[in-house]
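Residue numbers (the numbering used here): 42 to 181.
Hints should not be assumed to be uniformly reliable.
[Claimed, not checked] Below are the DSS-like pairs computed for lysine-lysine, each with C-alpha atoms no more than 25 Å apart in a straight line:
| hint | residue 1 | residue 2 |
| --- | --- | --- |
| 1 | LYS142 | LYS130 |
| 2 | LYS177 | LYS142 |
| 3 | LYS89 | LYS130 |
| 4 | LYS89 | LYS177 |
| 5 | LYS151 | LYS130 |
By construction, these hints were calculated from the structure, which means they are not laboratory data.
This one's a predicted model, so the numbers in the text were calculated from it and none came from an experiment.
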Amino acid sequence: MMKIFAITLVAILGILHSARAQVGCRTGDYIYITANGTYFDGGSAVIKFNATDRIIKRNFAADPNCGINRNTADSYPVIPGTPLNPDSKCVSDINLNDEGKLVIYNNADKINCSIDGNVIFLVGSASFIGINFLRKRRMA
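Between the sequences and the hints, there should be enough to build the whole structure, so can you do that?
Following this line, the structure appears as structure tokens:
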């Protein structure tokens with residue numbers, strides 16, 4: 042009984058954590074999610090985000106990319122500016138010219154990839170395991 046309670050508690054905490062709104066940098070095609078410093082652009086302290094930690098914006102429902110629907114991502118509220126960053130600017134650390142806005146995004150809006158794109162890997166893995174199983178069985 043205690044084991045079921047613990048598993049349920051962990052699942053609920055995981056769901057609540059993923060549904061929590063977070064701060065990100067919305068640019069043209071991405072929402073960058075991990076801040077890693079600042080970049081001084083004239084008088085503003087622009088927040089830099091790690092370019093590899095990002096969520097792609099999906100263009101339509103059947104878009105093969107995993108991520109957040111573009112209309113949803115573009116409607117996220119912009120964080121109010123501060124005296125150091127009055128325009129709520131942000132950039133990715135590999136492209137300082139691609140300025141975006143600091144937004145509050147919801148990670149729960151992210152659409153995960155379907156299994157269809159990974160079927161070839163699953164079939165290949167199952168085939169490899171099956172062949173090894175049969176080979177070992179024949180030797181015994």
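To see whether the hints hold, each was checked on the structure:
A threshold of 25 Å between alpha carbons decides the hint, and for LYS142 with LYS130 the separation of about 5 Å falls inside it, so the pair holds. Distance restraint check for LYS177 and LYS142: the Cα-Cα separation of roughly 58 Å exceeds the 25 Å cut-off, and the hinted pair is therefore not satisfied. At most 25 Å may separate the alpha-carbon atoms for a hinted pair to count; LYS89 and LYS130 meet this at roughly 9 Å. Only pairs whose Cα atoms come within 25 Å are accepted, and LYS89 paired with LYS177 is rejected, the gap being roughly 54 Å.
Our distance criterion of 25 Å between C-alpha atoms is met by LYS151 and LYS130, whose separation comes to about 23 Å.
In summary, the structure is inconsistent with hints 2, 4 from the numbered list given earlier, while agreeing with the others.
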